[in-house]
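Chains as they are written, first to last, in this note's numbering: chain L, 9 to 321; chain W, 9 to 321.
None of these hints come from the bench; they were simulated from the model.
Some hints here could point you the wrong way.
Listed next, with one range per pair, are the computed distances between beta-carbon atoms [to be verified]: (1) ALA268/L <-> LYS50/W: 38 to 44 Å; (2) VAL180/L <-> GLU163/W: 49 to 55 Å; (3) SER283/W <-> PRO85/L: 28 to 34 Å.
Yeah, the Cβ is synthetic: ideal placement off N, Cα and C, and Gly gets one too.
Number of protein chains: 2
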Amino acid sequence: MKKLAVVAFGGNALLKSGQKGTIDEQELNVHETCSHLMELIKQDYNIVIGHGNGPQVGNVLLQHDAGEKMYSVPKLPLDICVAETQGSIGYMIEQQMKNVLRKEKVEKDVITLITQVLVDKDDPAFQNPTKPVGPYYPKEEAEKIHAATGDIFAEDPRGRGWRKVVASPKPVHISNKRAVETLAREGMIVITVGGGGIPVFNVEPEKVQGIDAVIDKDLASSMLAQQINADEFYILTDIPKVCINFNKPDQKELDVITVAEAEKYLAEKQFAEGSMAPKVRAAIQFVKNGGKKCVITEAASLHIAGCGTQIIA
Amino acid sequence: MKKLAVVAFGGNALLKSGQKGTIDEQELNVHETCSHLMELIKQDYNIVIGHGNGPQVGNVLLQHDAGEKMYSVPKLPLDICVAETQGSIGYMIEQQMKNVLRKEKVEKDVITLITQVLVDKDDPAFQNPTKPVGPYYPKEEAEKIHAATGDIFAEDPRGRGWRKVVASPKPVHISNKRAVETLAREGMIVITVGGGGIPVFNVEPEKVQGIDAVIDKDLASSMLAQQINADEFYILTDIPKVCINFNKPDQKELDVITVAEAEKYLAEKQFAEGSMAPKVRAAIQFVKNGGKKCVITEAASLHIAGCGTQIIA
Numbered sequence: 009m010k011k012l013a014v015v016a017f018g019g020n021a022l023l024k025s026g027q028k029g030t031i032d033e034q035e036l037n038v039h040e041t042c043s044h045l046m047e048l049i050k051q052d053y054n055i056v057i058g059h060g061n062g063p064q065v066g067n068v069l070l071q072h073d074a075g076e077k078m079y080s081v082p083k084l085p086l087d088i089c090v091a092e093t094q095g096s097i098g099y100m101i102e103q104q105m106k107n108v109l110r111k112e113k114v115e116k117d118v119i120t121l122i123t124q125v126l127v128d129k130d131d132p133a134f135q136n137p138t139k140p141v142g143p144y145y146p147k148e149e150a151e152k153i154h155a156a157t158g159d160i161f162a163e164d165p166r167g168r169g170w171r172k173v174v175a176s177p178k179p180v181h182i183s184n185k186r187a188v189e190t191l192a193r194e195g196m197i198v199i200t201v202g203g204g205g206i207p208v209f210n211v212e213p214e215k216v217q218g219i220d221a222v223i224d225k226d227l228a229s230s231m232l233a234q235q236i237n238a239d240e241f242y243i244l245t246d247i248p249k250v251c252i253n254f255n256k257p258d259q260k261e262l263d264v265i266t267v268a269e270a271e272k273y274l275a276e277k278q279f280a281e282g283s284m285a286p287k288v289r290a291a292i293q294f295v296k297n298g299g300k301k302c303v304i305t306e307a308a309s310l311h312i313a314g315c316g317t318q319i320i321a
Numbered sequence: 009m010k011k012l013a014v015v016a017f018g019g020n021a022l023l024k025s026g027q028k029g030t031i032d033e034q035e036l037n038v039h040e041t042c043s044h045l046m047e048l049i050k051q052d053y054n055i056v057i058g059h060g061n062g063p064q065v066g067n068v069l070l071q072h073d074a075g076e077k078m079y080s081v082p083k084l085p086l087d088i089c090v091a092e093t094q095g096s097i098g099y100m101i102e103q104q105m106k107n108v109l110r111k112e113k114v115e116k117d118v119i120t121l122i123t124q125v126l127v128d129k130d131d132p133a134f135q136n137p138t139k140p141v142g143p144y145y146p147k148e149e150a151e152k153i154h155a156a157t158g159d160i161f162a163e164d165p166r167g168r169g170w171r172k173v174v175a176s177p178k179p180v181h182i183s184n185k186r187a188v189e190t191l192a193r194e195g196m197i198v199i200t201v202g203g204g205g206i207p208v209f210n211v212e213p214e215k216v217q218g219i220d221a222v223i224d225k226d227l228a229s230s231m232l233a234q235q236i237n238a239d240e241f242y243i244l245t246d247i248p249k250v251c252i253n254f255n256k257p258d259q260k261e262l263d264v265i266t267v268a269e270a271e272k273y274l275a276e277k278q279f280a281e282g283s284m285a286p287k288v289r290a291a292i293q294f295v296k297n298g299g300k301k302c303v304i305t306e307a308a309s310l311h312i313a314g315c316g317t318q319i320i321a
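Bound conformation, chain L alone (with noise of 0.2 Å):
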């Protein structure tokens, strides 16, 4: 049986920092990011692809915003926001995937699918939700809609406005997983949890709802990872290797570490809230949970063997 690999990158590989998000761009960056996982490919993995939707989502809200002040059409819930970009997305991917498929004369399917993601109410990060997401409002539209609505926002550091602020729960179980993992032991390349995920809920025993939340990609594609019993799981990000001591004169990159290591890293706080600690905890996770490995690199590295930061158990 050919082993089995989850890879995971951000929504920031598609549309990039400074980039306003024309479907040039889009296109130009996903197939830059196809042609590298084309490598996994050729080393005779099969793939399943988990991906973010930051800039993409941030989009879609705006656009709900303004549709809804210009035309009345009625503004949808964040989780209805979250499956469109998993359309976009997911279509972009696909495409692109098939595109450099085909330049290399590789047959294969490539199959993008919606994804539910449930989490608990009782999750605490419901509690204190901290991820803004939408427009910056006034200070007098925030207070309205939150009248309205319920919504909670807080006031930009930076000065800019109010945005609303949305729980990050934990996964805990992802919706298709099953036909994930059929899908992909038969050769098929799968892309599935967008976003993180749509976030869902158990309002009562027999009803899923949706609920006003993100969910971490990377910790959602690990969750994944465990759930369809991948062997590795690569996380793709802006750096080839995770370092220790980083920005400062004695910055080392970590080239193989045990989960135990990664541990005492975290502990010590050696990587970044937002950045790189919630990879190397999700890391973990996979490896904790009976994964092989999990590979924290750049995309532009994965046709080097044993290429980026390896956590093992």
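Given chain L, put chain W in place with the hints provided.
Okay, now just chain W, sitting in the frame of chain L:
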């Protein structure tokens, strides 16, 4: 082996004429449609769901227009907008279908796929684009967009302004048919070809690209039903049976008709273009290519044995 059926319904089943499209309206409509589909599950079919997206993609196009004007978020092309609606509508159907299944204590996965549909760039439809999409513009703005992008505009016959028109080419190939059939034969309910599919064409032998066009959802679902070797094809609409002499004193509901009879009625122009005629054509195409029968009916009639108008060889 269980019988495999493809069921197609319109975006209007989800966002009804006169409704604005709030999340509550759409969820209620979707839930009702899914309750009716449960009848086919009880009759032990494996089912694949195809759906339209007319009102929804209309809203997305307005949101993109408004987002660019208010927040400088670049408008994305029609193929991306269709992909967004496949995500949002697919998610809504998947969630409500799961809730209906749970209530009925039936264990089944429900899976939503993003679906590209290949069209032929030499399809004569591209010579004469007639399908209006997106916002109504004043003449001057339409002319400006035409000059910048080459988009073609036509004046609205009811005087509401100028609207972009795109071609409605024939579907040629459903990109993910193998995955659809694999999952459906395993007993999963598969949601696919949303909005008739994302139209793509071979820009060169090794490169597929999206194209500004819309594909008729009944024709796309018919093509899908053929390509996955479905036994039966259900086209859901808002009347229980197809009629001849519709709205005349001698109006007659059709029970069972052959392909030859259906073709005769079509030649007599018994069915309205843009309404029943394309459904009957989709039905004929399915049965002529090996399908056992096509049923045209309303969702609420699915519990009746031998419901609707049946088109057979």
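Against the structure, the hints:
no.: 1; hint: ALA268/L <-> LYS50/W: 38 to 44 Å; in the structure: violated, 54 Å
no.: 2; hint: VAL180/L <-> GLU163/W: 49 to 55 Å; in the structure: holds, 54 Å
no.: 3; hint: SER283/W <-> PRO85/L: 28 to 34 Å; in the structure: holds, 33 Å
In this structure, the one hint that does not hold is number 1.
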